[in-house]
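Colleague: Okay, here's what each chain looks like letter by letter:
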Amino acid sequence: MFKTNCNRRAMLAGLALAACSVPLTGAAAQSWPSRPITMIVPWGAGGGTDATARMIASLLEKQLGKPVPVVNRTGGSGAVGHQAIASADPDGYTIGIATLEIGTMHHQGLTTLTHEAYAPIGLYNSDPAALFVRADAPYKTVKDLLEALSKAPDRRFKASGSAQGGVNHLALAGMLKAAGIPVARVAWVPSEGAAPGLQDLAADGVQIATASLPEAAALMAAGRIRPLAIFAPKRDEAQKDVPTFKEASGFDWSIGSWRGVVAPKGTPPEIVAKLQDEIGKAVVTAQYLEFMKTKGYATGWTAGDGFRAFMIDSDKGLGATLAELGLKK
Amino acid sequence: MDALAQGFAMVFSIETLLIIMASSLFGLFVGAVPGLSATMALALLVPMTFFMDPIPALAAMVSCSAMAIFAGDIPGCLLRMPGTAASAAYTDEAYAMARKGQADIALGSGLVFSAIGGLFGTAVLIVAAPLFAEFALNFTSFEFFWLILLGITCAIVISSTTPLKGAIMLILGFLVASVGMNNPAAFPRFTAGSTDLLGGIGFLPMLIGMFAVSEVIRSALDRSPRATIIDQPIHNVFKGMWQLTVKYPKQILRGSVLGTVVGALPGAGSDIASWMSYALSKKLSKEPEKFGTGHVEGIIESGAANNSALAGAWIPALVFGIPGDTLTAIVIGVLYMKNLNPGPSLFTTNPENMYAIYILFIFANLIMIPLGWATIKVAKRLLGVRREILLPLILMACIVGTFGMNNSPFDVWIMLAAGVTAYILEENCFPVAPAILGVVLGPMLEENFVKSMIKSDGEVLAFFSRPVAGVLGVLTLVVWLYPLLRHGFRRSPGRATPVGEAL
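Order-wise, the sequence lines are chains A and B. Per the working numbering, residue 1332 is the first one in the first sequence, and the count goes up by one each step. Per the working numbering, residue 6 is the first one in the second sequence, and the count goes up by one each step.
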């Protein structure tokens, strides 16, 4: 039973390597990998997901001795790329990066795809969102801000930091919900990513912004904005003086964007196990850790079932917050 | 100064230097071939920059565009066909000089004063951009809204002879950019249920189509006979350049200043800078009667102007994300792709990238001299390249490049459709530049409008409530209402025609 695997992505991946002519046998798992492994990234080249994926791909390439080309399939707020990973042949020669959006898109009715379409390999990064105000704002602590929010009329406060329904919007909405303040209290000003939202905060366009600490580093260093808390169970290693939201307010709420490696559902378990092994080795190499540190990305590794449990949790939390915002379809 | 050192290190790495060399040669070649524009050179580079790091990608953009603008002078001088639109203003002049046997002086001054103009524009970029950025850090969506609207207005008024056609193209750009769900409400518009269209009509495929494919079609359908190359030995092109510099310092400065300013205005780039500069040079010259007969003065001034406009155009592009010309519209696309989103925070977040860009500009203008000299030396062979061979190669590069960026055949269709559309529109005298500005600025305008409306809870007067926003807003309205006001003055009784004429 010979099967010629010849899809467009693999063709490009194999370009000079004539990948298409290599037959794949039933006993493929033993000989895996016998040809290049394509890694699909649902976000654009040059972004954080792309940069980290390329790093992992280059390390994997060295370890496996086969090329691991990275292919960016952007569009549809991540829907296109996530779909491409899910619908690839589950033969172990296509893997991809899943991000937080796999837990929001289906709630918003953008796709029917959920994490169940994947065999989880491992979670390698999770950057918690943080809460910011302008440096000269009267709110010194989270408590000050929450108190002001609970007294203010609806929509007096405006906040920004991501698109409508983006991770930073959900971070703020979740915070309000956790503190028992109606979500409609703060008007959300959508922005194309964290940077313009934070810039708007610095320029006195909005009073609150949510973003990850590395995204805000420059404006923090310039003394324009101030972090009040981080939405994580633990403080950040690099910014130990920023309290967690729970410490600062007593309410529990954590959220952050995350990135993990997945394979299409149905990929042979032996191959998934091998990938977990190899990528697990890659993400503890000095080269990887150094790269992630200079770029300001958090590191970690949660393989297999742990990653699945994480995705189920993430999906539930995001769904509840989206419903609260009226964005759930 | 740590950032400066990092900037140097990024530019002077082997990878970046090799890319600078390769894209310089590419720019010189495309610029020198009549009918292939500098914008096309950049559009063709885009798919390759896709696989580069941010700084090498920008290095490719900067050096390619600078070289292409200079190289456009070569066929203008030897064939009487401008290589790029930016050389068209003084093509007849340069050709007349070549016929008088002064091709080396015409080409030499094109080269040397291009480099000087380019360095001048770079100096202004280095000084002005961070100042503007510092100021713009205090801009909220209100200020950005007016700034973009003002930029769009300028673009239509300046860049098109018929503002109505310019406005139509701009709105066409808006329409194209509104497809997909990249809007403040993340609501899918005009997608007809297609997943491919959820992400919108790809900007980069569209660029490649509009600027490369459309030119391929035009060249392929061009049946005009090949012009004969003026065959005369070109000796030392640098001979006499110092004397010209001493003789025409004012012209050099004037051209550079005008070029930088015009470049920085949205919608007007090197070509308009060079036309304006040539006209100004003639008007202010002591010997205007010599213009058109093979006189070097105008070449010096507008040669400096078109290259200084390049750097000038980067100022609004980097600080506000508003392209100064079609070249920077492409650059902005690349910046977004590399996650170096233009805006004032670009200067605070990654100062080393800014230094690297400055260094790149200086370096590109310096190596233009030896590389440009070498190009002039081989010009005759370069100008003899056969279209039948070149055009299919370019088309193939467009298709492969577009496919390679996203591995999406859909993008290739977008590119081809954009190319055919742009060709048909241009043949009917609809300018393409406003359309690409519309595509870049439409979503920004919408986003800032929606943001502002949310912030002000629907209160329109809030658009004038912040001082800078108020000034920009009034300025925009004045530009809009100017034709009406002028009309009103003319017809008002008691104020006779002289006032109307003075206006």
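Careful: at least some of the hints might be erroneous.
[Said to hold, decoys possible] In silico contact screen, one side only, chain A against chain B (beta carbon under 10 Å); selected entries:
{"id": "1", "residue": "V1402"}
{"id": "2", "residue": "T1405"}
{"id": "3", "residue": "L1480"}
{"id": "4", "residue": "K1489"}
{"id": "5", "residue": "G1511"}
{"id": "6", "residue": "P1513"}
{"id": "7", "residue": "A1518"}
{"id": "8", "residue": "G1524"}
{"id": "9", "residue": "L1529"}
{"id": "10", "residue": "D1535"}
{"id": "11", "residue": "A1549"}
{"id": "12", "residue": "T1616"}
{"id": "13", "residue": "Q1618"}
[To be verified] Covered stretches of chain B, as calculated for chain A (at least 3 residues, CB under 8 Å):
{"id": "14", "stretch": "200-207"}
{"id": "15", "stretch": "428-441"}
Bear in mind the hints are in silico, worked out from the structure with no lab data behind them. Backbone N, C-alpha and C fix where the C-beta goes; we use that ideal spot for every residue, glycine too.
Colleague: Look at each hint and say if it fits the structure.
Modeller: Hint by hint, here is what the structure shows:
Because the beta carbon of V1402 (chain A) sits about 6 Å from the nearest beta carbon in chain B, less than 10 Å, this interface hint is met. With 10 Å as the threshold, the beta carbon of T1405 (chain A) comes within range of chain B, its nearest partner Cβ sitting at about 6 Å, so the hint holds. The closest approach between the C-beta of L1480 (chain A) and any C-beta of chain B is roughly 17 Å, which is over the 10 Å cut-off, so the hint fails. Proximity of K1489 (chain A) to chain B holds as hinted, the smallest CB-CB distance being about 5 Å (cut-off 10 Å).
Interface hint status for G1511 (chain A): violated, as the beta-carbon distance to the closest one in chain B is roughly 24 Å, over 10 Å. Checking P1513 (chain A) against chain B: minimum C-beta separation of about 17 Å lies over 10 Å; hint violated. With a least beta-carbon distance of about 6 Å to chain B, the hint placing A1518 (chain A) at the interface is held under the 10 Å criterion. The beta carbon of G1524 (chain A) comes within 7 Å of a beta carbon in chain B, closer than 10 Å, and the hint placing it at the interface holds.
Hint on L1529 (chain A) holds. Least Cβ distance to chain B is approximately 7 Å, under the 10 Å limit. Because the smallest distance between the Cβ of D1535 (chain A) and any Cβ of chain B comes to about 7 Å, under 10 Å, the interface hint for this residue holds. Of the supplied interface hints, the one on A1549 (chain A) holds, with its beta-carbon coming within about 4 Å of a beta-carbon of chain B, less than 10 Å. Taken as an interface hint, T1616 (chain A) does not check out: its beta carbon lies about 21 Å from the nearest beta carbon of chain B, beyond 10 Å.
Checking Q1618 (chain A) against chain B by beta carbon gives a least distance of about 17 Å; that is not within 10 Å, so the hint is violated. Given a C-beta distance limit of less than 8 Å, the hint that chain A covers the stretch 200-207 of chain B holds, as 5 residues qualify and 3 suffice. Note: the stretch 428-441 of chain B has 0 residues with beta-carbon separation from chain A under 8 Å; the three-residue rule is not met and the coverage is violated.
Violated hints, in rising order: 3, 5, 6, 12, 13, 15; the structure is consistent with all others.
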